[in-house]
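Using the sequences and the accompanying hints, generate a full structural model.
For the protein sequence lines, the chains are L and X, in the order given. If you're matching positions, the first sequence starts at 985 in this note's numbering and goes up one per residue. If you're matching positions, the second sequence starts at 985 in this note's numbering and goes up one per residue.
None of these hints come from the bench; they were simulated from the model. Note that this is a predicted model, so its numbers are computed, not measured. C-beta atoms are modelled at their ideal positions from N, C-alpha and C, and glycine is treated no differently.
Below, computed lysine-lysine pairings styled on BS3-like, alpha-carbon distance capped at 30 Å:
1) Lys1044/L <-> Lys1044/X
2) Lys1115/X <-> Lys1119/L
3) Lys1119/L <-> Lys1119/X
4) Lys1119/X <-> Lys1139/X
5) Lys1115/X <-> Lys1115/L
6) Lys1119/X <-> Lys1115/L
Heads up, incomplete: computed chain L residues facing chain X, CB under 10 Å, no partners named:
7) Glu1014
8) Gln1101
9) Ala1149
10) Gly1165
11) Thr1174
There are 2 protein chains.
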Amino acid sequence: MNSPNPNSPQPDPTSVPPAVVHRLSLYLRELRHRIADGNETTSSSQLGRRLGFTDAQVRKDLAHFGQFGHPGIGYRCNELVDAIRKILGTDREWRVALVGVGNLGRALLGYRGFYQQGFRLAAAFDADPEKVGTKIEGVEIFAIEDLAEVMSTHKIELGLVAVPASEAQAVTDQLVAAGVGGIVNFAPVTVTVPEGVSKVGVDLARELEQVTFAVANRQREQPET
Amino acid sequence: MNSPNPNSPQPDPTSVPPAVVHRLSLYLRELRHRIADGNETTSSSQLGRRLGFTDAQVRKDLAHFGQFGHPGIGYRCNELVDAIRKILGTDREWRVALVGVGNLGRALLGYRGFYQQGFRLAAAFDADPEKVGTKIEGVEIFAIEDLAEVMSTHKIELGLVAVPASEAQAVTDQLVAAGVGGIVNFAPVTVTVPEGVSKVGVDLARELEQVTFAVANRQREQPET
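Below, the structure is given as structure tokens:
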């Protein structure tokens, strides 16, 4: 019985703030650390502590999806891992294609975090004929012209866009036309997708801005002497 | 007069939700697109439209930091860009060091988005003696043993951690000991920093989970026939 409350309604995903989904991913990783450290159960405060969240935040986030704690026990780690994976949709393998095999694309092909979370990079695409037909990190590189056919043959559902900004929208359109359910865009530009297709934009400089915001504010409070 | 309301108090950065700071970065990029397209002014709804945010959301986010609109005009694009850069702390150059020159590190060294937002990669570090002394994308690679000295000589304030998960905490500790103000961690593991140092963790698989969450929920609603 991995689903402690099978009667709780599935949430409308559009009603759950993206930040909550983001935190579920963090809880999942923290639970795996705790399991690796030999813990069978955990609490909201333990789960939140290393991540810097309060126990109330953890409980509120999980409450969007059901009741996962057990009186006198807390959370059973494996049970909560299974529940979160089910919520996130990563209780099964997802076949993913990468478009753009430059430096960033190579890094993505070798990124172990994808495999750890159940993502399988099944094909990559590049415009450079020199790269087409080769394999990087065990993944075959195809010509972009063959995108629709390869996506269909390999039953690929998600796309990673790692091309220059100027090509990002065109590549996104091709992935959408090929029937992709969602894309993650690494190009530093906003792309649009039609309704019914999901997208997340990753802009690595944005992460740095989160840090400069905090550092700059500290410097304003306590000017260096 | 780039600061329309100089009397508004500087916010306590710990009281502004990280998600708001994240959206400021998005507004900044959207404003630059609008300027590049020849627009001098914009509105909350224009600013939010391509990003998928309501005008109320845009107004609420900006209201954390002051009053930026002008009656009958809306926002002056250049003025709002300057204001947001000041809030984010990116109204000046930040000197950044990279630790770990593998595939991901190389991609980060070549990532144009950093330069566009005012980040200057001033030095990189790697444990591999073969890489030390070479330059990649114009950035010199130093030995990790020399980290403290190079960070001081080059006046580096921020660090990017792109080493394997097993080394991420040790490298973070070295950067903190060298006086770094904040780090962005790309290793798929949580690292801890002392109070007074900022950190953001980038886990590329987490971005994919945002997408699978949405796609899996759509599939539950509308099972394929």
